[in-house]
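> Sequence:
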Amino acid sequence: SLMAVPMIGKTGAIGMIMFMDFHHPHRFTRELAQRAEILVQQAAIAIQNARFFGELEERRETLEILNRQLTQANKYKDEFLGIISHELRTPLNVITGSTDLLLGNFLGELTAEQRRTLQMASKNAADLLGLINGILDLYRLQIGERPVRVEEFHMEDLCAEIEESFRQTAQEKGLSFTWRYERIVSPLR
Numbered sequence: 048s049l050m051a052v053p054m055i056g057k058t059g060a061i062g063m064i065m066f067m068d069f070h071h072p073h074r075f076t077r078e079l080a081q082r083a084e085i086l087v088q089q090a091a092i093a094i095q096n097a098r099f100f101g102e103l104e105e106r107r108e109t110l111e112i113l114n115r116q117l118t119q120a121n122k123y124k125d126e127f128l129g130i131i132s133h134e135l136r137t138p139l140n141v142i143t144g145s146t147d148l149l150l151g152n153f154l155g156e157l158t159a160e161q162r163r164t165l166q167m168a169s170k171n172a173a174d175l176l177g178l179i180n181g182i183l184d185l186y187r188l189q190i191g192e193r194p195v196r197v198e199e200f201h202m203e204d205l206c207a208e209i210e211e212s213f214r215q216t217a218q219e220k221g222l223s224f225t226w227r228y229e230r231i232v233s234p235l236r
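In this note's numbering, the protein residues as written are 48 to 236.
Hints should not be assumed to be uniformly reliable.
Unchecked claim - SDA-like cross-link-like pairs, simulated, lysine to any residue; straight-line CA separation at most 25 Å:
{"#": "1", "residue 1": "Lys170", "residue 2": "Lys220"}
{"#": "2", "residue 1": "Lys57", "residue 2": "Phe100"}
{"#": "3", "residue 1": "Lys124", "residue 2": "Leu178"}
{"#": "4", "residue 1": "Lys122", "residue 2": "Gln189"}
{"#": "5", "residue 1": "Lys124", "residue 2": "Lys220"}
Hints are computed from structural coordinates only; laboratory data are not their basis.
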């Protein structure tokens with residue numbers, strides 16, 4: 048006698064279990080068939096659980112690898128920010144100090160053109176230093192080391208700074224410069 052019972056799981060067919068009796072033909076009773084179905088259902092559940100456990104183990108291993116990579120990336124980011132903090136800020140401070148000395152006429156009188164050029168260099172160095180400090184502040188905000196501070200600012204002031212910076216660069220290159228923006232009277236946050 049031969050009895051085949053399909054093994055069906057939640058995701059579909061898993062396989063089949065066959066029961067054979069070579070000594071007694073037609074010996075599978077209804078009760079034996081029901082027991083075989085229960086046994087096969089339990090085997091299907093066990094196989095699915097084993098598969099799910101294997102998938103969970105693979106996901107856990109993948110998450111561990113990603114976590115190690117993320118930890119390494121954070122380490123590189125911290126090192127990079129340390130380099131920015133020292134290697135970029137130090138020369139910028141030297142540039143700012145040197146231009147301040149020149150602007151203070153400690154090395155002699157400057158022509159109007161020299162003064163204007165040094166003022167622009169000093170302003171651009173200060174702007175770059177501000178950007179670097181902004182990056183470091185953003186990092187400190189991200190790690191919760193610095194609280195968020197909301198302030199009002201006037202758009203016209205920002206536009207005037209941008210206009211002056213670009214106008215100077217355009218003049219140095221002999222280019223014409225046109226600046227238009229919609230006037231915003233109230234302060235922004």
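> Each hint: holds or not?
Evaluated hints:
Pair hint Lys170 plus Lys220 holds up; C-alpha atoms about 18 Å apart against a cutoff of 25 Å. At roughly 15 Å between alpha-carbon atoms, Lys57 and Phe100 fall within 25 Å of each other, so this suggested pair holds. Of the pairs offered as hints, the one joining Lys124 and Leu178 holds, with about 17 Å between alpha carbons and a cut-off of 25 Å not exceeded. Only pairs whose Cα atoms come within 25 Å are accepted, and Lys122 paired with Gln189 is accepted, the gap being roughly 15 Å.
Using a Cα cut-off of 25 Å, the hinted pair Lys124 and Lys220 is violated, with the two alpha carbons roughly 37 Å apart.
The structure is inconsistent with hint 5 alone, although it conforms to all the rest.
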